[in-house]
Amino acid sequence: MAVSHVSFVLIWGTITASAALTLLALRQRPKPGATPFAAMMGAGTWWVVTSAIGLFTLDSGRRLLLHNLEWLGSVVLPPAWLVFALEYTSREEYVSRRMLALLGVVPIATLLLLATNDAHHLLYADRAVRRYGDIALVDAQRGPWFWIFITYAYALLAAGTFHVLQLAVSSRSLYRGQAAALLVTVLAPWVGNVVYATEYFPIVLLTGTDLSLTNFDPTPFMFVISGAAGLAALSQFRFLDAVPVSSRVARDSVVESMDDGVIVVDDDDTVIDCNPRAADILDCSREDAVEQPVSALLPAYSELEDGATETIEIEQQDGVRYYELSETDLGSTVDGTDGHIVSIHDVTDRRNRVQQLDVLNRVLRHNLRNEMNVIYGYADRLDDGEAVDRIQEKAMRMVTLGDKAREIDRILDEEDDGDDEPIPLSQVVDLEIDRARETYPEVAFEASPPEGNAACDRPLGAVLRNLLENAAEHNDSDEPFVRVDARIEGDEAIVDVVDNGPGIPAEERSVLRTKEETPLQHSSGLGLWLVSWGIERLGGTVTIVESDESGTTIRLAVPVIEAPAPVSSE
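Going by the working numbering, the sequence shown opens with residue 1, and the numbers climb by one from there.
None of these hints come from the bench; they were simulated from the model.
As the structure is a computational prediction, the values presented were derived from the model and not from experiment.
Note that beta-carbon positions come from the ideal geometry of N, C-alpha and C, so glycine has one too.
Incorrect hints may appear among the rest.
What the hints assert, rightly or not - The calculated label-pair distances, taken between Cβ atoms and stated as ranges, are:
| id | residue 1 | residue 2 | range |
| --- | --- | --- | --- |
| 1 | Q427 | G319 | 25 to 31 angstroms |
| 2 | R91 | Y322 | 36 to 42 angstroms |
| 3 | L187 | R62 | 31 to 37 angstroms |
| 4 | Q427 | T348 | 29 to 35 angstroms |
| 5 | E393 | S302 | 39 to 45 angstroms |
| 6 | V105 | L187 | 24 to 30 angstroms |
| 7 | R435 | P276 | 45 to 51 angstroms |
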(Lines of atoms letter the chains of each structure in order from A and count residues from 1; the text may use other names and numbers.)
(Lines give C-alpha, C1' and ligand atoms only; values in the text may rest on other atoms or scores of the structure.)
Protein backbone atom coordinates (compact mmCIF):
# COMPACT_ATOMS: atom_id res chain seq x y z
CA MET A 1 0.00 0.00 0.00
CA ALA A 2 1.70 3.17 -1.18
CA VAL A 3 1.80 6.40 0.70
CA SER A 4 0.59 9.39 -1.31
CA HIS A 5 2.85 12.21 -2.39
CA VAL A 6 0.51 14.63 -0.63
CA SER A 7 1.29 12.92 2.66
CA PHE A 8 5.02 13.39 2.10
CA VAL A 9 4.49 17.05 1.31
CA LEU A 10 2.46 17.55 4.49
CA ILE A 11 5.03 15.77 6.64
CA TRP A 12 8.01 17.66 5.28
CA GLY A 13 6.08 20.91 5.32
CA THR A 14 5.34 20.36 8.99
CA ILE A 15 8.98 19.61 9.76
CA THR A 16 10.21 22.62 7.79
CA ALA A 17 7.76 25.06 9.38
CA SER A 18 8.44 23.84 12.92
CA ALA A 19 12.21 23.89 12.46
CA ALA A 20 12.08 27.37 10.92
CA LEU A 21 10.06 28.72 13.84
CA THR A 22 12.53 27.16 16.27
CA LEU A 23 15.50 28.85 14.62
CA LEU A 24 13.74 32.20 14.28
CA ALA A 25 12.76 32.13 17.96
CA LEU A 26 16.33 31.30 19.01
CA ARG A 27 17.57 34.34 17.09
CA GLN A 28 15.22 36.57 19.12
CA ARG A 29 16.71 35.68 22.49
CA PRO A 30 16.69 37.14 25.13
CA LYS A 31 13.36 38.78 24.31
CA PRO A 32 10.53 37.67 26.61
CA GLY A 33 9.05 34.38 25.45
CA ALA A 34 11.67 33.66 22.77
CA THR A 35 13.48 30.85 24.61
CA PRO A 36 10.41 28.88 25.76
CA PHE A 37 8.78 29.35 22.34
CA ALA A 38 11.92 27.94 20.71
CA ALA A 39 11.80 25.02 23.17
CA MET A 40 8.14 24.43 22.36
CA MET A 41 8.64 24.48 18.59
CA GLY A 42 11.84 22.46 18.91
CA ALA A 43 9.94 19.83 20.89
CA GLY A 44 7.26 19.84 18.20
CA THR A 45 9.89 19.42 15.48
CA TRP A 46 11.42 16.46 17.31
CA TRP A 47 8.00 14.92 17.78
CA VAL A 48 7.15 15.30 14.08
CA VAL A 49 10.49 13.87 12.91
CA THR A 50 10.44 10.80 15.16
CA SER A 51 6.78 10.15 14.46
CA ALA A 52 7.26 10.50 10.69
CA ILE A 53 10.26 8.17 10.66
CA GLY A 54 8.37 5.75 12.88
CA LEU A 55 5.46 5.58 10.46
CA PHE A 56 7.73 4.08 7.81
CA THR A 57 9.80 1.89 10.14
CA LEU A 58 8.38 -1.61 9.82
CA ASP A 59 10.81 -3.33 12.18
CA SER A 60 9.00 -3.80 15.51
CA GLY A 61 12.00 -3.13 17.75
CA ARG A 62 13.02 0.05 15.97
CA ARG A 63 9.40 1.16 15.72
CA LEU A 64 8.94 0.89 19.50
CA LEU A 65 12.24 2.73 20.03
CA LEU A 66 11.03 5.60 17.85
CA HIS A 67 7.72 5.56 19.70
CA ASN A 68 9.65 6.03 22.94
CA LEU A 69 11.71 8.85 21.41
CA GLU A 70 8.51 10.71 20.51
CA TRP A 71 7.99 11.24 24.25
CA LEU A 72 11.06 13.49 24.44
CA GLY A 73 9.08 16.06 22.47
CA SER A 74 5.69 15.50 24.03
CA VAL A 75 6.87 15.95 27.64
CA VAL A 76 8.62 19.26 26.85
CA LEU A 77 5.82 20.96 24.94
CA PRO A 78 3.22 21.61 27.74
CA PRO A 79 5.59 23.21 30.30
CA ALA A 80 7.33 25.17 27.52
CA TRP A 81 3.95 26.56 26.43
CA LEU A 82 3.08 27.65 29.98
CA VAL A 83 6.45 29.35 30.52
CA PHE A 84 6.13 31.05 27.14
CA ALA A 85 2.63 32.28 27.97
CA LEU A 86 3.80 33.71 31.31
CA GLU A 87 6.74 35.56 29.76
CA TYR A 88 4.78 36.70 26.72
CA THR A 89 2.00 38.18 28.86
CA SER A 90 4.53 39.94 31.14
CA ARG A 91 4.21 37.62 34.10
CA GLU A 92 7.91 36.85 34.35
CA GLU A 93 7.81 37.13 38.13
CA TYR A 94 6.20 33.68 38.23
CA VAL A 95 8.99 32.09 36.20
CA SER A 96 11.63 31.03 38.70
CA ARG A 97 14.08 28.16 39.06
CA ARG A 98 11.81 26.60 41.65
CA MET A 99 8.82 26.84 39.33
CA LEU A 100 10.79 25.30 36.45
CA ALA A 101 11.96 22.49 38.73
CA LEU A 102 8.39 21.76 39.78
CA LEU A 103 7.23 21.76 36.17
CA GLY A 104 9.94 19.23 35.35
CA VAL A 105 8.90 16.65 37.95
CA VAL A 106 6.13 14.99 35.90
CA PRO A 107 8.06 14.98 32.57
CA ILE A 108 11.15 13.45 34.18
CA ALA A 109 9.04 10.88 36.04
CA THR A 110 7.26 10.05 32.78
CA LEU A 111 10.52 9.44 30.93
CA LEU A 112 11.81 7.25 33.77
CA LEU A 113 8.61 5.23 33.79
CA LEU A 114 8.81 4.94 30.00
CA ALA A 115 12.33 3.55 30.21
CA THR A 116 11.31 1.00 32.86
CA ASN A 117 7.78 0.32 31.63
CA ASP A 118 8.36 -3.42 31.14
CA ALA A 119 8.90 -3.74 34.91
CA HIS A 120 5.67 -2.06 36.07
CA HIS A 121 3.47 -1.25 33.04
CA LEU A 122 2.34 2.05 34.62
CA LEU A 123 2.63 3.99 31.38
CA TYR A 124 1.59 1.26 28.96
CA ALA A 125 -0.08 -1.98 29.93
CA ASP A 126 0.92 -3.43 26.57
CA ARG A 127 2.21 -2.31 23.18
CA ALA A 128 2.29 -3.99 19.79
CA VAL A 129 3.32 -2.86 16.31
CA ARG A 130 0.60 -3.09 13.64
CA ARG A 131 1.44 -2.85 9.94
CA TYR A 132 -0.89 -1.19 7.45
CA GLY A 133 0.72 -1.59 4.09
CA ASP A 134 3.82 0.62 4.02
CA ILE A 135 3.26 2.16 7.44
CA ALA A 136 3.58 0.82 10.97
CA LEU A 137 1.53 2.01 13.95
CA VAL A 138 1.87 1.22 17.62
CA ASP A 139 -1.23 -0.26 19.22
CA ALA A 140 -0.90 0.76 22.89
CA GLN A 141 -3.00 -0.10 25.90
CA ARG A 142 -2.56 2.85 28.27
CA GLY A 143 -1.66 2.51 31.90
CA PRO A 144 -2.61 4.80 34.83
CA TRP A 145 0.42 7.06 34.50
CA PHE A 146 -0.52 7.86 30.90
CA TRP A 147 -3.68 9.55 32.17
CA ILE A 148 -1.78 11.31 34.94
CA PHE A 149 0.50 12.82 32.32
CA ILE A 150 -2.44 13.73 30.06
CA THR A 151 -4.08 15.54 33.00
CA TYR A 152 -0.81 17.35 33.77
CA ALA A 153 -0.26 18.34 30.13
CA TYR A 154 -3.80 19.56 29.56
CA ALA A 155 -3.71 21.60 32.78
CA LEU A 156 -0.55 23.40 31.67
CA LEU A 157 -1.89 23.94 28.17
CA ALA A 158 -5.13 25.34 29.60
CA ALA A 159 -3.30 27.67 32.01
CA GLY A 160 -1.08 29.07 29.27
CA THR A 161 -4.00 29.39 26.88
CA PHE A 162 -5.97 31.33 29.49
CA HIS A 163 -3.22 33.96 29.82
CA VAL A 164 -2.80 34.36 26.06
CA LEU A 165 -6.57 34.46 25.54
CA GLN A 166 -6.84 37.15 28.21
CA LEU A 167 -4.23 39.18 26.34
CA ALA A 168 -6.07 38.66 23.05
CA VAL A 169 -9.25 40.06 24.55
CA SER A 170 -7.72 43.04 26.36
CA SER A 171 -4.95 44.18 23.98
CA ARG A 172 -4.94 46.46 20.96
CA SER A 173 -5.15 45.06 17.44
CA LEU A 174 -1.45 44.28 16.86
CA TYR A 175 -1.11 42.14 19.97
CA ARG A 176 -4.61 40.73 19.51
CA GLY A 177 -3.52 39.33 16.14
CA GLN A 178 -0.36 37.88 17.66
CA ALA A 179 -2.28 36.24 20.47
CA ALA A 180 -4.90 34.79 18.12
CA ALA A 181 -2.21 33.24 15.90
CA LEU A 182 -0.46 31.80 18.94
CA LEU A 183 -3.69 30.27 20.17
CA VAL A 184 -4.05 28.48 16.84
CA THR A 185 -0.42 27.35 17.19
CA VAL A 186 -1.14 25.49 20.42
CA LEU A 187 -4.78 24.54 19.87
CA ALA A 188 -4.13 22.61 16.64
CA PRO A 189 -1.91 19.89 18.17
CA TRP A 190 -3.97 19.99 21.36
CA VAL A 191 -7.14 19.11 19.43
CA GLY A 192 -5.24 16.33 17.66
CA ASN A 193 -4.13 14.94 20.99
CA VAL A 194 -7.64 15.04 22.41
CA VAL A 195 -8.80 12.98 19.41
CA TYR A 196 -5.98 10.49 20.05
CA ALA A 197 -6.53 10.30 23.80
CA THR A 198 -10.28 9.75 23.43
CA GLU A 199 -9.70 7.05 20.75
CA TYR A 200 -11.97 8.68 18.22
CA PHE A 201 -10.36 9.09 14.83
CA PRO A 202 -12.40 7.33 12.09
CA ILE A 203 -11.07 9.09 8.96
CA VAL A 204 -9.22 8.29 5.83
CA LEU A 205 -5.54 8.73 6.68
CA LEU A 206 -2.56 8.87 4.36
CA THR A 207 -3.26 5.66 2.47
CA GLY A 208 -6.89 6.34 1.64
CA THR A 209 -7.98 3.30 3.69
CA ASP A 210 -10.74 3.60 6.31
CA LEU A 211 -9.27 2.66 9.67
CA SER A 212 -10.45 2.94 13.23
CA LEU A 213 -7.10 4.42 14.10
CA THR A 214 -7.18 4.31 17.87
CA ASN A 215 -3.45 3.62 17.70
CA PHE A 216 -2.62 6.57 15.45
CA ASP A 217 -1.53 9.82 17.14
CA PRO A 218 -2.23 12.79 14.84
CA THR A 219 -0.83 15.29 17.36
CA PRO A 220 2.60 15.90 15.80
CA PHE A 221 1.17 16.21 12.30
CA MET A 222 -1.13 19.00 13.45
CA PHE A 223 2.02 21.09 13.70
CA VAL A 224 1.57 21.88 10.03
CA ILE A 225 -1.25 24.15 11.18
CA SER A 226 0.85 25.39 14.10
CA GLY A 227 3.69 26.21 11.75
CA ALA A 228 1.46 28.17 9.41
CA ALA A 229 -0.06 30.11 12.33
CA GLY A 230 3.37 30.79 13.82
CA LEU A 231 4.75 32.06 10.53
CA ALA A 232 1.70 34.29 10.16
CA ALA A 233 2.34 35.70 13.64
CA LEU A 234 5.93 36.47 12.65
CA SER A 235 5.22 37.98 9.25
CA GLN A 236 1.90 39.73 9.79
CA PHE A 237 1.87 40.67 13.47
CA ARG A 238 5.60 41.18 14.26
CA PHE A 239 5.63 38.35 16.78
CA LEU A 240 8.78 38.46 18.96
CA ASP A 241 9.69 41.85 17.47
CA ALA A 242 6.88 43.68 19.24
CA VAL A 243 6.36 41.91 22.55
CA PRO A 244 3.25 43.20 24.31
CA VAL A 245 3.32 45.02 27.60
CA SER A 246 0.01 44.16 29.18
CA SER A 247 -2.17 46.83 30.73
CA ARG A 248 -1.81 45.02 34.03
CA VAL A 249 1.97 45.37 33.94
CA ALA A 250 1.70 48.99 32.85
CA ARG A 251 -0.60 49.72 35.78
CA ASP A 252 1.66 47.81 38.18
CA SER A 253 4.69 49.74 36.95
CA VAL A 254 2.92 53.06 37.47
CA VAL A 255 1.73 52.12 40.96
CA GLU A 256 5.16 50.82 41.97
CA SER A 257 6.85 54.10 40.97
CA MET A 258 4.20 56.49 42.31
CA ASP A 259 5.11 59.20 44.80
CA ASP A 260 1.80 58.50 46.56
CA GLY A 261 1.36 55.54 48.85
CA VAL A 262 -1.17 52.97 47.65
CA ILE A 263 -2.65 50.27 49.89
CA VAL A 264 -5.02 47.59 48.61
CA VAL A 265 -7.42 46.23 51.25
CA ASP A 266 -10.15 43.61 51.05
CA ASP A 267 -13.72 43.85 52.29
CA ASP A 268 -12.55 43.04 55.82
CA ASP A 269 -10.15 46.01 55.75
CA THR A 270 -7.15 43.70 55.70
CA VAL A 271 -4.11 44.77 53.68
CA ILE A 272 -3.70 42.70 50.52
CA ASP A 273 -0.80 44.62 49.01
CA CYS A 274 0.91 48.01 49.05
CA ASN A 275 3.44 49.81 46.91
CA PRO A 276 6.98 50.69 48.09
CA ARG A 277 6.03 54.31 48.83
CA ALA A 278 3.27 53.20 51.22
CA ALA A 279 5.72 50.90 53.00
CA ASP A 280 8.16 53.81 53.40
CA ILE A 281 5.45 56.07 54.82
CA LEU A 282 4.31 53.38 57.27
CA ASP A 283 7.94 52.58 58.17
CA CYS A 284 7.53 48.85 57.59
CA SER A 285 8.25 46.29 54.91
CA ARG A 286 5.63 45.27 52.38
CA GLU A 287 5.69 41.75 53.79
CA ASP A 288 4.95 43.04 57.31
CA ALA A 289 2.08 45.19 56.05
CA VAL A 290 0.29 42.40 54.18
CA GLU A 291 -2.47 40.64 56.16
CA GLN A 292 -2.46 43.39 58.80
CA PRO A 293 -5.66 45.32 59.58
CA VAL A 294 -5.30 48.64 57.80
CA SER A 295 -6.47 50.45 60.94
CA ALA A 296 -3.45 49.04 62.80
CA LEU A 297 -1.16 50.74 60.30
CA LEU A 298 -3.32 53.85 59.80
CA PRO A 299 -5.54 54.50 62.84
CA ALA A 300 -7.23 57.40 61.03
CA TYR A 301 -8.58 54.96 58.43
CA SER A 302 -11.41 53.92 60.76
CA GLU A 303 -12.69 57.52 60.69
CA LEU A 304 -12.48 57.83 56.92
CA GLU A 305 -15.90 58.18 55.32
CA ASP A 306 -16.77 57.09 51.80
CA GLY A 307 -15.66 59.65 49.24
CA ALA A 308 -14.08 61.86 51.92
CA THR A 309 -10.45 62.69 52.66
CA GLU A 310 -8.66 62.87 55.97
CA THR A 311 -5.43 64.69 56.78
CA ILE A 312 -3.14 62.91 59.24
CA GLU A 313 0.23 63.53 60.84
CA ILE A 314 2.98 60.90 60.82
CA GLU A 315 6.21 61.33 62.75
CA GLN A 316 9.15 60.37 60.53
CA GLN A 317 12.91 60.67 60.67
CA ASP A 318 12.87 64.08 58.97
CA GLY A 319 10.12 65.39 61.23
CA VAL A 320 6.35 65.49 61.10
CA ARG A 321 4.85 64.90 57.66
CA TYR A 322 1.24 65.52 56.69
CA TYR A 323 -0.67 63.09 54.50
CA GLU A 324 -4.10 63.12 52.92
CA LEU A 325 -5.98 59.82 53.05
CA SER A 326 -8.62 58.87 50.51
CA GLU A 327 -10.37 55.63 49.63
CA THR A 328 -11.57 54.32 46.28
CA ASP A 329 -13.75 51.29 45.61
CA LEU A 330 -11.78 48.69 43.66
CA GLY A 331 -14.66 46.34 42.90
CA SER A 332 -14.17 42.59 43.01
CA THR A 333 -10.61 41.29 43.35
CA VAL A 334 -9.28 38.18 41.64
CA ASP A 335 -10.59 35.86 44.35
CA GLY A 336 -14.07 37.39 44.20
CA THR A 337 -13.90 39.57 47.31
CA ASP A 338 -14.59 43.29 47.31
CA GLY A 339 -11.55 45.52 47.59
CA HIS A 340 -10.60 49.14 48.18
CA ILE A 341 -7.60 51.31 47.42
CA VAL A 342 -6.35 53.62 50.15
CA SER A 343 -4.25 56.48 48.75
CA ILE A 344 -1.74 58.34 50.93
CA HIS A 345 -0.79 61.68 49.41
CA ASP A 346 1.98 63.78 50.97
CA VAL A 347 0.60 67.30 51.47
CA THR A 348 3.39 68.58 53.72
CA ASP A 349 4.82 70.96 51.13
CA ARG A 350 1.37 72.21 50.19
CA ARG A 351 0.43 72.71 53.83
CA ASN A 352 3.66 74.56 54.53
CA ARG A 353 3.17 76.79 51.50
CA VAL A 354 -0.37 77.62 52.59
CA GLN A 355 0.95 78.42 56.04
CA GLN A 356 3.63 80.63 54.55
CA LEU A 357 1.07 82.50 52.50
CA ASP A 358 -1.20 82.87 55.54
CA VAL A 359 1.61 84.41 57.57
CA LEU A 360 2.62 86.76 54.77
CA ASN A 361 -1.00 87.76 54.35
CA ARG A 362 -1.40 88.37 58.08
CA VAL A 363 1.71 90.50 58.25
CA LEU A 364 0.70 92.56 55.24
CA ARG A 365 -2.87 93.03 56.50
CA HIS A 366 -2.12 93.50 60.20
CA ASN A 367 1.35 94.83 60.78
CA LEU A 368 1.66 97.09 57.76
CA ARG A 369 -1.83 98.48 58.35
CA ASN A 370 -1.01 99.32 61.96
CA GLU A 371 2.29 100.89 60.98
CA MET A 372 0.57 102.99 58.32
CA ASN A 373 -2.01 104.16 60.88
CA VAL A 374 0.79 105.43 63.10
CA ILE A 375 2.41 107.23 60.17
CA TYR A 376 -0.85 108.89 59.19
CA GLY A 377 -1.54 109.86 62.78
CA TYR A 378 1.80 111.56 63.24
CA ALA A 379 1.77 113.18 59.82
CA ASP A 380 -0.54 115.87 61.20
CA ARG A 381 2.13 116.92 63.68
CA LEU A 382 5.13 117.44 61.45
CA ASP A 383 6.09 120.52 63.43
CA ASP A 384 6.89 118.21 66.30
CA GLY A 385 10.45 116.91 66.00
CA GLU A 386 9.65 113.84 68.02
CA ALA A 387 6.81 113.07 65.65
CA VAL A 388 9.14 113.27 62.68
CA ASP A 389 11.49 110.78 64.32
CA ARG A 390 8.56 108.50 65.04
CA ILE A 391 7.43 108.66 61.42
CA GLN A 392 10.92 107.87 60.21
CA GLU A 393 11.17 104.93 62.60
CA LYS A 394 7.88 103.47 61.48
CA ALA A 395 8.66 104.06 57.83
CA MET A 396 11.98 102.26 58.24
CA ARG A 397 10.22 99.33 59.91
CA MET A 398 7.87 99.13 56.94
CA VAL A 399 10.80 99.11 54.53
CA THR A 400 12.55 96.43 56.58
CA LEU A 401 9.39 94.35 56.71
CA GLY A 402 9.02 94.57 52.95
CA ASP A 403 12.65 93.59 52.49
CA LYS A 404 12.14 90.52 54.67
CA ALA A 405 9.04 89.53 52.74
CA ARG A 406 10.96 89.76 49.48
CA GLU A 407 13.86 87.80 50.99
CA ILE A 408 11.48 85.06 52.10
CA ASP A 409 9.90 84.90 48.68
CA ARG A 410 13.31 84.63 47.06
CA ILE A 411 14.39 81.82 49.37
CA LEU A 412 11.17 79.85 49.02
CA ASP A 413 11.02 80.14 45.24
CA GLU A 414 14.68 79.30 44.70
CA GLU A 415 15.12 76.12 42.65
CA ASP A 416 17.62 73.39 43.47
CA ASP A 417 19.35 73.76 40.13
CA GLY A 418 22.79 74.75 41.33
CA ASP A 419 22.67 78.24 39.81
CA ASP A 420 23.93 79.85 43.03
CA GLU A 421 27.43 78.83 43.99
CA PRO A 422 27.88 77.67 47.59
CA ILE A 423 29.70 80.03 49.90
CA PRO A 424 32.29 79.09 52.55
CA LEU A 425 30.83 79.05 56.05
CA SER A 426 33.64 81.21 57.42
CA GLN A 427 32.87 83.84 54.78
CA VAL A 428 29.16 83.79 55.68
CA VAL A 429 29.95 84.35 59.37
CA ASP A 430 32.46 87.16 58.74
CA LEU A 431 30.19 88.92 56.23
CA GLU A 432 27.11 88.90 58.45
CA ILE A 433 29.05 89.88 61.59
CA ASP A 434 30.54 92.88 59.77
CA ARG A 435 27.10 93.90 58.54
CA ALA A 436 25.60 93.59 62.03
CA ARG A 437 28.41 95.66 63.60
CA GLU A 438 27.73 98.42 61.11
CA THR A 439 23.98 98.37 61.73
CA TYR A 440 24.12 97.98 65.53
CA PRO A 441 27.30 99.73 66.73
CA GLU A 442 26.07 99.68 70.35
CA VAL A 443 26.18 95.86 70.44
CA ALA A 444 29.41 93.91 70.87
CA PHE A 445 29.57 91.20 68.22
CA GLU A 446 32.01 88.31 68.43
CA ALA A 447 32.63 85.56 65.93
CA SER A 448 34.36 82.22 65.94
CA PRO A 449 34.26 81.02 62.32
CA PRO A 450 35.38 77.50 61.46
CA GLU A 451 38.70 76.71 59.88
CA GLY A 452 38.90 75.34 56.37
CA ASN A 453 36.81 76.01 53.32
CA ALA A 454 33.62 74.04 54.08
CA ALA A 455 30.70 75.64 52.25
CA CYS A 456 26.93 75.92 52.60
CA ASP A 457 24.11 77.13 50.37
CA ARG A 458 23.67 80.91 50.22
CA PRO A 459 20.29 81.15 52.05
CA LEU A 460 22.27 80.51 55.25
CA GLY A 461 23.44 84.13 55.09
CA ALA A 462 19.87 85.48 55.25
CA VAL A 463 19.05 83.12 58.11
CA LEU A 464 22.09 84.17 60.14
CA ARG A 465 21.47 87.85 59.38
CA ASN A 466 17.95 87.71 60.81
CA LEU A 467 19.10 85.91 63.94
CA LEU A 468 21.73 88.59 64.53
CA GLU A 469 19.17 91.35 63.96
CA ASN A 470 16.69 89.70 66.33
CA ALA A 471 19.34 89.25 69.03
CA ALA A 472 20.56 92.86 68.71
CA GLU A 473 17.18 94.62 68.50
CA HIS A 474 15.70 92.90 71.54
CA ASN A 475 18.79 92.98 73.73
CA ASP A 476 18.11 95.30 76.71
CA SER A 477 21.28 94.45 78.62
CA ASP A 478 23.56 97.26 79.84
CA GLU A 479 26.38 95.71 77.83
CA PRO A 480 24.70 93.84 74.99
CA PHE A 481 26.69 91.28 73.10
CA VAL A 482 26.03 88.63 70.47
CA ARG A 483 28.43 85.80 69.68
CA VAL A 484 28.49 83.42 66.73
CA ASP A 485 30.23 80.06 67.18
CA ALA A 486 30.52 78.00 64.00
CA ARG A 487 32.07 74.56 63.60
CA ILE A 488 31.94 71.48 61.38
CA GLU A 489 30.67 68.20 62.83
CA GLY A 490 30.73 65.36 60.30
CA ASP A 491 28.70 66.40 57.28
CA GLU A 492 26.94 69.24 59.10
CA ALA A 493 27.77 72.83 59.88
CA ILE A 494 26.75 73.83 63.41
CA VAL A 495 26.20 77.55 64.02
CA ASP A 496 25.34 78.83 67.52
CA VAL A 497 24.02 82.38 67.93
CA VAL A 498 24.40 83.36 71.59
CA ASP A 499 23.21 86.61 73.22
CA ASN A 500 22.72 88.01 76.73
CA GLY A 501 19.28 89.47 76.06
CA PRO A 502 15.94 88.79 77.76
CA GLY A 503 15.26 85.62 75.80
CA ILE A 504 12.74 84.86 73.09
CA PRO A 505 9.06 85.35 74.04
CA ALA A 506 6.77 82.31 73.95
CA GLU A 507 4.89 83.50 70.87
CA GLU A 508 8.20 83.88 69.02
CA ARG A 509 9.49 80.47 70.19
CA SER A 510 6.44 78.75 68.69
CA VAL A 511 7.55 79.92 65.26
CA LEU A 512 10.82 78.00 65.56
CA ARG A 513 9.52 74.99 67.48
CA THR A 514 6.08 74.18 66.08
CA LYS A 515 5.88 76.55 63.09
CA GLU A 516 2.48 77.66 64.34
CA GLU A 517 0.89 80.77 65.78
CA THR A 518 -2.61 81.82 66.75
CA PRO A 519 -4.54 84.95 65.73
CA LEU A 520 -4.38 86.22 69.33
CA GLN A 521 -0.79 85.26 70.03
CA HIS A 522 1.59 85.75 67.15
CA SER A 523 5.03 87.06 66.36
CA SER A 524 5.48 90.71 65.50
CA GLY A 525 7.33 90.24 62.24
CA LEU A 526 8.83 87.96 59.65
CA GLY A 527 12.39 87.55 60.93
CA LEU A 528 11.96 84.25 62.76
CA TRP A 529 9.65 82.94 60.06
CA LEU A 530 12.43 83.62 57.57
CA VAL A 531 14.79 81.68 59.84
CA SER A 532 12.37 78.75 60.11
CA TRP A 533 11.57 78.53 56.42
CA GLY A 534 15.14 79.25 55.33
CA ILE A 535 16.51 76.40 57.46
CA GLU A 536 13.85 74.10 56.07
CA ARG A 537 14.86 75.16 52.57
CA LEU A 538 18.47 74.29 53.41
CA GLY A 539 17.47 70.86 54.70
CA GLY A 540 18.67 71.68 58.21
CA THR A 541 17.26 72.20 61.69
CA VAL A 542 16.96 75.09 64.15
CA THR A 543 16.92 74.54 67.91
CA ILE A 544 16.57 76.80 70.94
CA VAL A 545 19.18 75.53 73.39
CA GLU A 546 17.86 75.74 76.93
CA SER A 547 20.21 77.06 79.62
CA ASP A 548 20.02 78.15 83.27
CA GLU A 549 21.89 81.32 82.36
CA SER A 550 20.19 84.43 80.99
CA GLY A 551 20.13 85.08 77.30
CA THR A 552 19.40 82.83 74.37
CA THR A 553 21.30 80.30 72.27
CA ILE A 554 19.86 79.35 68.90
CA ARG A 555 21.57 76.46 67.14
CA LEU A 556 21.51 75.93 63.39
CA ALA A 557 22.52 72.62 61.81
CA VAL A 558 22.76 72.60 58.01
CA PRO A 559 24.33 70.20 55.51
CA VAL A 560 27.85 70.97 54.36
CA ILE A 561 28.34 70.81 50.61
CA GLU A 562 31.49 70.75 48.55
CA ALA A 563 33.48 73.96 48.85
CA PRO A 564 33.87 76.03 45.68
CA ALA A 565 37.21 75.84 43.92
CA PRO A 566 39.56 78.69 44.84
CA VAL A 567 39.79 81.47 42.28
CA SER A 568 43.19 81.74 40.58
CA SER A 569 45.03 85.02 41.11
CA GLU A 570 46.44 84.88 37.61
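Right, here's what the structure says about each hint:
1. Q427 - G319: 25 to 31 angstroms: Holds: the Cβ-Cβ distance is about 29 angstroms, inside 25 to 31 angstroms.
2. R91 - Y322: 36 to 42 angstroms: 38 angstroms Cβ-Cβ, so the 36 to 42 angstroms window holds.
3. L187 - R62: 31 to 37 angstroms: Between L187 and R62, where Cβ atoms are some 32 angstroms apart, the hint holds.
4. Q427 - T348: 29 to 35 angstroms: holds, 33 angstroms
5. E393 - S302: 39 to 45 angstroms: With a Cβ separation near 56 angstroms, E393 and S302 fall outside 39 to 45 angstroms, so the hint is violated.
6. V105 - L187: 24 to 30 angstroms: Because 26 angstroms falls inside the window, the suggested range holds.
7. R435 - P276: 45 to 51 angstroms: holds, 47 angstroms
Hint compliance for this structure: hint 5 alone is broken.
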